[in-house]
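Chemist: Residue-level listing of the chains:
Protein chains: 2
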Amino acid sequence: MLKPVRIGICGLGTVGSGTVNVLARNQRVINARAGSDIIVEQVAARRDNPQVDMTSLNVTRDIFEVAKNPNVDVVVELIGGISVARELILEAINNGKHIVTANKALIAEHGNEIFAAADAKGVTVAFEAAVAGGIPIIKSIREGLSANRIEWLAGIINGTGNFILTEMRDKGRQFDEVLAEAQELGYAEADPTFDVEGIDAAHKLVILASMSFGIPLQFEKVFTEGISKIEPVDVAYADELGYRIKHLGIARRVKDGIELRVHPTLIPEKRQLANVDGVMNAIMVKGDAVGPTMYYGAGAGAEPTASSVIADIVDVARTLTADPEHRVPYLGFQQSSLSDSNILPIDEVDTAYYLRMAALDKPGVLSQVATILSDSGISIEALIQKEADDDEEIVPLILLTNRAVEKDLATAISKIEALSSITGPITRIRLEPLK
Amino acid sequence: MLKPVRIGICGLGTVGSGTVNVLARNQRVINARAGSDIIVEQVAARRDNPQVDMTSLNVTRDIFEVAKNPNVDVVVELIGGISVARELILEAINNGKHIVTANKALIAEHGNEIFAAADAKGVTVAFEAAVAGGIPIIKSIREGLSANRIEWLAGIINGTGNFILTEMRDKGRQFDEVLAEAQELGYAEADPTFDVEGIDAAHKLVILASMSFGIPLQFEKVFTEGISKIEPVDVAYADELGYRIKHLGIARRVKDGIELRVHPTLIPEKRQLANVDGVMNAIMVKGDAVGPTMYYGAGAGAEPTASSVIADIVDVARTLTADPEHRVPYLGFQQSSLSDSNILPIDEVDTAYYLRMAALDKPGVLSQVATILSDSGISIEALIQKEADDDEEIVPLILLTNRAVEKDLATAISKIEALSSITGPITRIRLEPLK
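Chains A and B, in that order, are what the protein sequence lines are.
For the first sequence, the UniProt record's numbering assigns the number 1 to the initial residue and increments by one for each residue that follows.
For the second sequence, the UniProt record's numbering assigns the number 1 to the initial residue and increments by one for each residue that follows.
Quick caveat, the hints were computed from the structure, so don't treat them as lab data.
Where is the CB? At the ideal position from N, CA and C, for every residue including glycine.
A hint or two may mislead.
[Said to hold, decoys possible] Each computed DSS-like pair below joins lysine-lysine, with the alpha-carbon atoms no more than 30 Å apart: (1) Lys255/B / Lys435/B; (2) Lys171/A / Lys435/B; (3) Lys171/B / Lys270/A; (4) Lys229/A / Lys270/B; (5) Lys270/B / Lys171/A; (6) Lys255/B / Lys171/B; (7) Lys270/B / Lys435/A; (8) Lys3/B / Lys121/A; (9) Lys171/A / Lys229/A; (10) Lys435/A / Lys362/A; (11) Lys435/A / Lys171/B; (12) Lys270/A / Lys435/B; (13) Lys270/B / Lys270/A; (14) Lys171/A / Lys270/A.
[What the hints assert, rightly or not] Label-pair distances were calculated between CB atoms; the ranges are: (15) Pro70/A / Pro433/B: 48 to 56 Å; (16) Glu184/A / Glu113/B: 36 to 44 Å; (17) Ser56/A / Glu189/B: 34 to 42 Å; (18) Ala388/A / Gly424/B: 25 to 33 Å.
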């Protein structure tokens, strides 16, 4: 039996309360796995949380007290946000504490700095809870797939966005209406930008990509497109063509570098990811040896996230007194082995596309469109052309293209939009076969 | 950088050749993760394998030479089978070697003995590749979900069986015919008993259950029922009722102990597991904190299995010179913390059921059947009663029941079969909602 491990928990909101409660409830089984007693030495919280039995806790209102507490071995940062959390973690590292955090924004934007500080002090930083809540996706990629050259990964890594898209599909509802409901249900924040514009997903994608490809964290290079412009009609046409629209974080290794992108994506309805509904998360990871794998579970919530926080605490507890070289490196690769790969700008990414346009109902329009696409090297893989109602002069035209480089498609779209037979802008959604 | 880790690979069949090839192809990325050079010091093979470049390998025909080789740190056992493999591993442990193995039968049947021997010598035994090929399911349960009291797990953990059931459903084919094709394709062994009667799945289930519940390996207590009696008509009726038939390994913690069972199972078509087709594997694991999670990927094959073998080698390499207490315990729980839980005999298991019977086409039969069930405390949840063709006197009657204890259902079935209005034996398939 190893010596007891004393943790200090900073933040007693949703994840903090879940962590305290699960540690208490499952104390016996957790200690039996860890091989040491995990003791909550101190908790820092701005106020008491009615979800937690506070009586047995040593509570402070000052989070920095935890970072300085000589009895604390591991600081568990659950306050969220960037500025104060960064200061807290650097202070704790400086005092020789190990770090467990659920803070995706902080790791994505300041992980390189934090890892360097931890390296210098010989402590570790664990962040399983930062990506996809309770799914052990970081451990799976970082350790479970360590034999592989990862080719790509694609994930539903924002539950709010997936809830909205699921409701739009199942009930034909509008984006705005479902978003309002998600806010009422507490899934979406008052400012939903982080969720629906893909920033939250981009934070998570950067972390997964760094571990997959052995590259430093480069949040500023992720291309991000949200779901606020998806219309029910596109969800319905996608369905008709055998596809679902999901908001995916995609990282892919290609000849000239690495793609990092978050955007709405048509995927074949037979893929496992296509049937991940509501607030659930799932990540597909394709390795050169293992082939496609998928990991599914709750991407948020008090106890699912606490599940990952505590798994990290157990990992840290096991190697607390071991030499740092025996620990798993932060990003799965030895820090000295990280390589700078070119992150492709979105213009150079190639993918397939769904295009919807409004065309005048007269002969030759499809031929004009097909010619413009063909001149850019783009072919049409599938097509829906609806007959006009008797009194309509404008008909929708829906195309799926083969893979093409984004800037070539953009050029073709400009030319098509300039046709007198096409009215209004073209709706374009990327499409990935995920094979 | 740690010192190089020297491995000896015993067995150069499918998995052995995959391991040698992936180690060579991905050498740079694997070493960058491991923090040490992984060197194939020796390979033992009965004969050369044309899939492998043998020229650079130090080959012996005697596997025991590897177990005795003083330059070998880690023995990778990939010969399969039980008797010789057990002897080899015990000899290697006795010589202070760490062990990586893909041998599910050996771990399931002799794991307790092997772990005790390893404990005594301070070496580790890793066996990710023993369950579900390339899916990092052992790592996920053992480490990723360490905060949880696991409530149940259910897995498609035999690719051959799943291929057969998928073909039967998609094409309405007979069991025997698909099995013959699976044998031609090389999915199924010449003696398919291990696959289709559930013994292979039982080996894997025992390992997963021990890690989930912290109990010693108890292969002899698994209830096993195969898929050879599943008929296309049952697959079709299940479909009509909104279910798929899958061959599942199920482990569940209930009030009086633990259920360990492998059998064909109706599951709702909306479950992620229901859409795992062909030779793919997937395991659902429900933890009290994390809720339901699922892990999906290739359950067999040279490189997927090698992916898990090498992940274990990397793990072992990282803690090769660490104190044993810093390593993850074999079953996730400290050996001293394993608890003996009662494994329930199948008679005491409760589950729901699909029942199909042939009834004389006359009034009152359903009422007789319902009364017998009701007298045993079993209610009918769904029903298909087909009208007779004009010239038929016998009609099929299909029922789904609520959950009931197996022995109560058995009693009810005997009584129903004794009715003069019921002809022939009743087909019974268990049903699990997996919620």
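Chemist: If you check each hint against the structure, which ones fail?
Modeler: Numbers 6, 10, 16, 17 and 18, in rising order.
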